[in-house]
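Letter by letter, the chains look like this.
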Amino acid sequence: MFKGGFIQNLPKIYGLYTGGFLVFILMMAIAEQAGVTAKTIGILFVAFTVAIYALIGYLSRTIQVDAYYLAGRQVPTVFNGMATAADWMSGASFVALAGGVYFGGYSYMAFLVGWTGGYVLVSTLLAPYLRKFGCYTVPDFIGTRYGGNGVRFCAVLVLVLASFTYVTAQINATGTIAARALGIPFEAGVWVGLVSILLCSMLGGMRAVTWTQVAQYIVLIVAYLIPVFWISNKIGAGVFPHLMLGDEVQRITDLESQFGLVKNSAADVKAAGVPGGLKSIAVAHAGVGAGGMAVWKYISLAICMMVGTASLPHILMRYFTTPSVKSARKSVAWSLFFIFLLYSSAPMLATLSKISLMDPNLPTGIIGKSIADVQSLEWVKQWSSQKQVFIADFNGDGILQLNEWFMRTGVVVLATPEVAGLPYVISGLVAAGGMAAAMSTADGLVLAISNALSHDVYYNMIDPKADVRKRLIVARVLLVVVGAAGAYIASMRITSILGAVAWAFDFAMSGLFFPLVLGVWWKRATREGAIAGMLSGLAAGTAYLIYVYPKFLGNPAWLGIDHLRFGLIGAPVCLVVMVVVSLMTKAPDAATQRMVDEVRVPSGKSILGRAH
Amino acid sequence: MSNKEKHWQKTKGHMIMTLCLWAFFSMVIFLFGYEINGMSFLGYPLAYYMTAQGSLLAFVIIIFWFANKQEKIDEEFGFGEKED
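In order, the protein sequences belong to chains C and H. If you read the first sequence in my numbering, its first letter stands for residue 1, the second for the next number, and so on. If you read the second sequence in my numbering, its first letter stands for residue 1001, the second for the next number, and so on.
If you're looking for bench data, these hints aren't it; they were derived computationally from the structure. There could be a bad hint or two in this list.
[What the hints assert, rightly or not] When the alpha-carbon atoms are kept at most 25 Å apart in a straight line, the in silico DMTMM-like pairs for lysine to aspartate or glutamate are as follows:
id, chain 1, residue 1, chain 2, residue 2
1, C, K523, H, E1071
2, C, K586, H, E1005
3, C, K523, H, E1035
4, C, K605, H, E1035
5, H, K1082, H, E1071
[Stated by the list, open to error] Okay, the calculated bits of chain C under chain H, using three or more residues with CB under 8 Å as the criterion:
id, region
6, 97-111
7, 118-128
8, 225-235
9, 302-313
Here a beta-carbon is modelled for each residue, glycine too, at the ideal position from N, C-alpha and C.
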């Protein structure tokens, strides 16, 4: 059945895997009918999928440097696209994106544009050139292009700061999902999550992460799309929700004006005892705010996320693994296509979820019903006991108003299948999807950090004479250390004060975007310019973050540039300083100029060899 | 001008063209978000549609188009890759 090598058989292997996974879902559905409890099904889903990833991780073990760092540069275009999509879509994307759209409306959806539009920058400005360069890590490019360990170290600094901000949130998400599905405490869940993550990456580095990420993408996209299509068909909204929910969006707008969008005062919410983090609908579903500030808020957020996307090392390094420059370019397109499948479904899920709850003509509608009836619903009871939903009867009339219904954002994805009356097997599937999303991103991030530390700091700076065996041992030890540090911080439950995932984008954009882009597009860029740019951009961005973030100094934002958008301060500072200092210092030598010329054409050998 | 320089000129032009399209779908249309939301597409308000789906789809198409055309530019100047 399998002729030829592993790479030639990839479509067959993953085809079988997908088929096997669908059969597993069917078996669980049959088990549910046969009376197996919901809890057992949840455990089976998470345990089965994680065991598969661990098996893939084990089978992909390697003792070669280029396989460990670059997956042997033989990941085909489309598969690399799937792996990147899994790398990209975090537990937060999976669990919280639809909820964000649900509560935040149009202005939140700037994230959707930002987290996809950035790939245009990746493909035009960076990915093909970095692939031609042949670097192992992002600091490897900076260090070789500009020359010297100083500049290399600055790049490692930005990388660690940006990726570590991101990774604790991911390990946190893995822990939350593992804890819920396996019925263990959160602190234990975090360590279970970490062990699962390390099983996927430790033995095979980039190679193992690549092939587990492809498997994880398949699980997460199946888990996201099945409920969306099912609910849409079940409530008669349309066979193909993405094209057919126009009426439902219009209906929500009508219902909003019928029920009234009321923003509860903080004092009322507190007095009613609403648990922290729960929200009520107070923003129009499809309405757009008027005025210049609303426009600026939308566009500035989109810019930060786009430029940040193009600077995040764990994404850029995925394009180092393709067989050629043109496949790196195409691979970016496939990545975005696979991301698009999920991102374009999030607003549809938010719409379906909202109409299910709001429309009094649907059997699932709860707004306008008597509170006693709503509270006796099975799913309301269950999610209330976990403090995920809450009812506060502000006006004391015993009827549930729109502003009296509170939910946590994650509930939109996690509970909508139950609300719409789908069988429990779908909820188990969603848990497995969330776990896959969080694990795949955490894997990519932990690997990005530990590879930078092992290749750039250890091998290039501390011990350039180390042999392959020693290098790979160090790489693996660092992987465990970085993962454990992330898990330790996540288990302390301080991620809420570490700030939003958006910060990772702002850090990366402040310190890395211009040094990377100018390294390819401006021959005159010098080492001194890059160092000064990275440090000043990072310093300016961080200083502004401290200045503006409510939990730090909490000063009023300049021009609406709040803590989610501090990259708008850091990146311009980085650009100006880098250009000025570059022009003040001596132009790069002829060898460097030739190297840049060579990077700009796809044909020929990569600048850095397969093993370096 | 050498072959390499001509190739780079054309590559730069293609990059700028692609980024113009990108800027249009990521920023320019949202400058008029309030104004265009009264229009409708597939039954959705237009600004809502673009941010939920339209611009995202546009980016996918832009990158595929960019990659194909860049490959042609590379081949035109003899810098295409043989393998793969």
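Here is how each hint holds up against the structure:
1. Taken as a hint, the K523/C and E1071/H pair is honoured in the structure, with Cα atoms around 23 Å apart against an allowance of 25 Å.
2. For the proposed pair K586/C and E1005/H, the alpha carbon gap of about 23 Å is at most 25 Å, so the pair holds.
3. Note on K523/C and E1035/H: the hinted pairing is violated, with a Cα-Cα distance of about 43 Å set against a maximum of 25 Å.
4. In summary, the hint linking K605/C to E1035/H is not supported, as the alpha carbons are separated by about 51 Å, beyond the 25 Å threshold.
5. With a C-alpha separation of about 12 Å, the suggested pairing of K1082/H with E1071/H holds against the 25 Å cut-off.
6. Counting residues of the region 97-111 of chain C whose beta carbon lies closer than 8 Å to any beta carbon of chain H gives 4, which meets the minimum of three for the stated coverage.
7. Chain H is given as covering the region 118-128 of chain C, and this holds because 7 residues of the stretch bring a CB closer than 8 Å to a CB of that chain, at least three being needed.
8. Beta-carbon proximity to chain H at under 8 Å applies to 0 residues in the region 225-235 of chain C; the threshold of 3 is not reached and the given coverage is violated.
9. Check result for the region 302-313 of chain C against chain H: holds, 3 residues qualifying (beta carbon to beta carbon below 8 Å, three or more required).
Hints 3, 4, 8, counting from the list given before, are not met by this structure.
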